[in-house]
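Q: With the hints as a guide, dock the two chains, each given alone in a separate frame, to form the complex.
Chain residues, written in single-letter form:
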Amino acid sequence: MGEREIVELLLQRDETGMDQLLRHYGPLMKYVIAPILPDPRDREDCLSETALRVWERVGQFDRERGSWGAWLTAVARNTALNHARSNTRHSGMEEVDERLPSPAPTPEEEVLRQERQAAVRAALERLSGEERSLFYRKYYYRQPTSQIAAELGMTERAVEGRLYRLKQQLRKWLGGEDGV
Amino acid sequence: MYDRKWEPMREDDFDALLKDSLPDLPPEDVVADVTPWKKAMNRVLTGLGLTSITLNFLYLDYILPAIGMVLLLLGFRALRRENRWFGACFGITLLRAVYLFANLILNSTILQERVHAAPRMIVLTGINLALMFVEFFCIWGGFRAVQRKVGLPPHAGGAVALMVWYGILCLLALVGYVGLILGVVMIVVYICIICSLRKLSGELDEAGYAIRPAPVRLEDGTVALAITILLVGGCICGWLFGGSYPMEWTPVDAEEHSGAAEIKSELLELGVPDYVVNDLAAEDLAACDGALRAVVETSDEPVNNDKQKTLHITGVAVELPGEQERWMIIQHFLWEENPGFYGTESIQLWPVYQDSDGWRAGGAVTGRVLYDKNGQTYSAPYWFLGEQTFASDSIFWGQQTSTDVFAAFSMPNSGENHRGYVAYPIEATQDGYLISGWFNYTHQRVGIQYPAVSAMENRMRNSWNDAGAFFTMQYALQFFPSELEKAPVQ
Numbered sequence: 001m002g003e004r005e006i007v008e009l010l011l012q013r014d015e016t017g018m019d020q021l022l023r024h025y026g027p028l029m030k031y032v033i034a035p036i037l038p039d040p041r042d043r044e045d046c047l048s049e050t051a052l053r054v055w056e057r058v059g060q061f062d063r064e065r066g067s068w069g070a071w072l073t074a075v076a077r078n079t080a081l082n083h084a085r086s087n088t089r090h091s092g093m094e095e096v097d098e099r100l101p102s103p104a105p106t107p108e109e110e111v112l113r114q115e116r117q118a119a120v121r122a123a124l125e126r127l128s129g130e131e132r133s134l135f136y137r138k139y140y141y142r143q144p145t146s147q148i149a150a151e152l153g154m155t156e157r158a159v160e161g162r163l164y165r166l167k168q169q170l171r172k173w174l175g176g177e178d179g180v
Numbered sequence: 001m002y003d004r005k006w007e008p009m010r011e012d013d014f015d016a017l018l019k020d021s022l023p024d025l026p027p028e029d030v031v032a033d034v035t036p037w038k039k040a041m042n043r044v045l046t047g048l049g050l051t052s053i054t055l056n057f058l059y060l061d062y063i064l065p066a067i068g069m070v071l072l073l074l075g076f077r078a079l080r081r082e083n084r085w086f087g088a089c090f091g092i093t094l095l096r097a098v099y100l101f102a103n104l105i106l107n108s109t110i111l112q113e114r115v116h117a118a119p120r121m122i123v124l125t126g127i128n129l130a131l132m133f134v135e136f137f138c139i140w141g142g143f144r145a146v147q148r149k150v151g152l153p154p155h156a157g158g159a160v161a162l163m164v165w166y167g168i169l170c171l172l173a174l175v176g177y178v179g180l181i182l183g184v185v186m187i188v189v190y191i192c193i194i195c196s197l198r199k200l201s202g203e204l205d206e207a208g209y210a211i212r213p214a215p216v217r218l219e220d221g222t223v224a225l226a227i228t229i230l231l232v233g234g235c236i237c238g239w240l241f242g243g244s245y246p247m248e249w250t251p252v253d254a255e256e257h258s259g260a261a262e263i264k265s266e267l268l269e270l271g272v273p274d275y276v277v278n279d280l281a282a283e284d285l286a287a288c289d290g291a292l293r294a295v296v297e298t299s300d301e302p303v304n305n306d307k308q309k310t311l312h313i314t315g316v317a318v319e320l321p322g323e324q325e326r327w328m329i330i331q332h333f334l335w336e337e338n339p340g341f342y343g344t345e346s347i348q349l350w351p352v353y354q355d356s357d358g359w360r361a362g363g364a365v366t367g368r369v370l371y372d373k374n375g376q377t378y379s380a381p382y383w384f385l386g387e388q389t390f391a392s393d394s395i396f397w398g399q400q401t402s403t404d405v406f407a408a409f410s411m412p413n414s415g416e417n418h419r420g421y422v423a424y425p426i427e428a429t430q431d432g433y434l435i436s437g438w439f440n441y442t443h444q445r446v447g448i449q450y451p452a453v454s455a456m457e458n459r460m461r462n463s464w465n466d467a468g469a470f471f472t473m474q475y476a477l478q479f480f481p482s483e484l485e486k487a488p489v490q
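First to last, the protein sequences are chains A and B. All residue numbers for the first sequence refer to the numbering used here, where the first residue is 1 and numbers rise by one. All residue numbers for the second sequence refer to the numbering used here, where the first residue is 1 and numbers rise by one.
Next comes chain B alone, as it looks inside the complex (with noise of 0.2 Å):
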């Protein structure tokens, strides 16, 4: 049947039909919608809301700050030209962003705890924390400018007691306090603090309609969508790029030892084996030359209890010649299969020397790191070796400061027989003493990891051995030279 009532309509009768049908009383959620103003200031009080949250798990303590700043920026966007404290909160979000966005890209790199322990980057944390007060400034004028502009009287205590809560909040943390009861206070005030403001809020409902939003050239979801893409491949790139050292790797002359055959026969007569000798470095030989006698011990440590996944450690002991009993030691590890390498690896030495009155240092830590791939070998310097001072907490110590011989070092994920050693010198001060060397390997066994750090860093931070991102495998050459058959006398 012909339905006279939708004949085909022009585009104007069309518009008008629509103008016409809609009832005299608009609805009550397209009256509480159509605002300039709640929009702005829901996306500006949650945001604030959001950027001071710290919740530690989930990775909500980055995850929450960052949508919070996206909120702030969208909402002080939209009221920047409102007035010009408005404008100044607009700006110094701008910053602000900025700040908070580079450091979550930072935090996928492993650059970022020295970065952050940096001089410049605690001025600029400084400034931010700087600008986040003249932020609560601003936005306290920008409450009562628009109070003023409708003819209301001004108040917008809401955003004195959101500054001076913060400034309570910075001088608890400038003097360490990790008590519980000022903490949950600090909690309750400052749920307290917002709500206030989302009440201060809704009697800016009448004065907001005279609010006129600037005009914007890139959509919200635009702008929220770039953000996201910007943080991701930030991350993704930090990641790829920034999860592990640069090495130097360079292929190994085959007439390295060409000057040490002596030398190393005599080692491999001793029973260190070819695998160890060959990878010496032309003067870690040369420091062997004369040897007396070697010990030598091996170990296959699976990684998560992977046999598949075995670091082959090889401990030798190798007898100086000299008046002082003197000994070479040298810790060498051999992959025999690929673990797959996806950023660092760490290697802490417990010296024979530390902590032993029987023994002390006579020179400094040596080695390198090696692979095979296509037939050819390439070495590497460590890209850290040497000692470093760190603190560490434990649930059994407390904080306690250490220093510790650290070799730290990235290996490629292609080739193969990835390996390496540590080599030091010690002198007997007293006899009968223990010979006793740790060699604490951690290897890096996932790619992602927020926040980036290294195997060395998560050492240093954390003593167990299955933690996160991070395995540690344990290896002790451990003998007492008086128990031994006596050298032969040359």
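Here chain A stands alone, though its shape is the one from the complex (with noise of 0.2 Å):
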């Protein structure tokens, strides 16, 4: 069954839509939530979770904004995401000393980020195919080192050397010559 089929099923509320869309996207799925969500069970969990919010918001998916698999990729992440902030939360890592300040940001600093990224997105259109790609790896797809150099065919240390070479182009770009 393809792609448009699958849409349209889950937009007329069939429930034969779902088995598709977890026949042929529960690979991608699952590839986009396992580097953010090291515990299998967790990934388990997401992996519903994920296919509840798609059920739930195909109704959004604008074709014109980007292909279905961006889109689902960009679901399945924001809800692993969602996820591990949540483990973190329960785990009482992120537990808010009352004493501090709040950590919302003053609208000064809002522009200051929005600015940021502005910026960092022009930067990144400068960068070739390749670099997107593997940048995008990295910070988007937040995958681990050892598998981004196994899909490339690369050697972890050589997969960091050109991270590392590409931030410190961004970092000139964004700053000029001093850096970021």
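Calculated directly from the structure, the hints in this document are not laboratory data. All C-beta atoms in this analysis are idealised placements derived from N, C-alpha and C, irrespective of residue type, glycine included.
Label-pair ranges, simulated between beta-carbon atoms:
1. B:M186 - A:P38: 43 to 53 Å
2. A:R89 - B:E11: 18 to 28 Å
3. A:Q169 - B:P119: 54 to 64 Å
4. A:E5 - B:I53: 35 to 45 Å
5. A:K172 - B:N42: 29 to 39 Å
6. B:N42 - A:G59: 27 to 37 Å
7. A:E5 - B:M186: 29 to 39 Å
8. B:N42 - A:E5: 22 to 32 Å
9. B:R84 - A:R126: 38 to 48 Å
10. A:T106 - B:N42: 48 to 58 Å
11. B:I229 - A:R165: 20 to 30 Å
12. A:R157 - B:L230: 21 to 31 Å
Derived BS3-like pairs: lysine-lysine, alpha-carbon spacing no greater than 27 Å straight-line:
13. B:K38 - B:K19
14. B:K19 - A:K30
15. B:K149 - B:K38
16. A:K30 - B:K38
17. B:K39 - B:K149
18. B:K39 - B:K199
19. B:K19 - A:K167
20. B:K199 - A:K30
21. A:K30 - B:K39
22. B:K149 - A:K30
23. A:K167 - B:K39
A: Okay, here's the thing in structure tokens:
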């Protein structure tokens, strides 16, 4: 069954669409989730949660904004990141000390953050396709170096080296000669 | 102006900034690129295509299979731990790569034709062919295993079709089919099969996310570079050390002709040039004992019409005593200028007795090659001297089998006066027949040729005088003995 038929079934709230989704796109979702959630039980939970979100939000999928694969990747990744954050909170790692000032950014900090993001995105456009893929693997897909190395036919050391040089390049572009 | 947003950041903060700055939806090219399957599978499919293509121009029949084999190796290396089928594919590809690369290096030496014709090599070729079929079978199994892993119905008809296609191709090769129609049909079917495999690979994109490529110790680029260096280095070594015959050069003893001074002076008196007489081996000189008369002809044959590089050829016929009319035919060559010796040289003789009703062979063909260096003369027997039967294709006569006398040798690039001769006795069976002995000298004029062939092999397969790395100069010693002055009665 093709992508369009599966999307159509999901939009029609047909449960066979859900089966087909897991059958055809389960491997993709697992692939995106795995590097973010190291525990296999979390991965299984997250996969179910991702499928549920797809079911709930399939109406938001807009082919003009991006492909089905990109949208599914984004849903799986965001669900996994939320799952990871939730795990961290429950383990008490992110307990907030009430004596500290609020971590919420000030309006000025928010403007700065947005300006930085825009500059980083512009810098990413200057990267070659291969460099951009490597960058996304590391910072978007959150893949470990070992996985990136195996999939690209490189050694871990070589991947680390390339990522380091990539970051240096971005620092240079973003902050001039002295770097960020 | 101070730009606060780029205040120096710590590494962690910069990493966090990079993570937060990415758009929610990844770019399409990134989504297409970030998959553990596509890269490996594309390499396998491209490799399959390239290892099967034979384009006989610009050395593509060697370059494309070599690139294809590297791609197959890298593709299966990534997939080798995915399932036992792909693991087997990797092992088989490794064996086939060793066979192919060894052959490619062997092709840079003049040994290649003899090695390829050896029975053991024919067995190896058969094993390689069998391995290829096993590999296709394993690809079929590997595809199905990946599909089963993610719960998709297993199907990989393209791989089966590839096996059948190769089977038919082998059958056509066995029966020696050279027709055009079936050839075109096979090419079209092959393209369809590769397209079908590509489609299958596309269908497997969904399942491919479940694949875990094996980690590597050497990067793909390093492996490809190492193989390239191995092949180029191997071929350079092949050209340097495997392009010529191992000649047994020894210094010529100054006293070599001490026991044949009389014969020598007889020959000189009859007009045989001293440079020919001096080069004769003691036994050849002895064979001319009692010479009655001599006929001498010379010719200067340029290489590539280059007057600076001429081969000085001297044809000598010495009549020998006896009841029956006998002659010793000596064909001598001398390079007055070093033309550059790049590998092998050869002499193809069409002896007087060949295809003649009036003459027959009076003994074996003998001879040797010589050169001077620092005032010392060195000589060596020919690497090969004798009759050779061979099949050749001629646009005029079609395929035909011939038996000619060949002398094959290599010359050192150092030294001067590179020269040699061949000699053979003939006996008359009938009076009045022409003495006509042809001397075809083939010179190798370039160092690098691929696949490497010797001058003798080139001469056997190609009758053109100006052919690729070789240039052939022809000369014939021809005369009617009956038209010569009678030899004085001794």
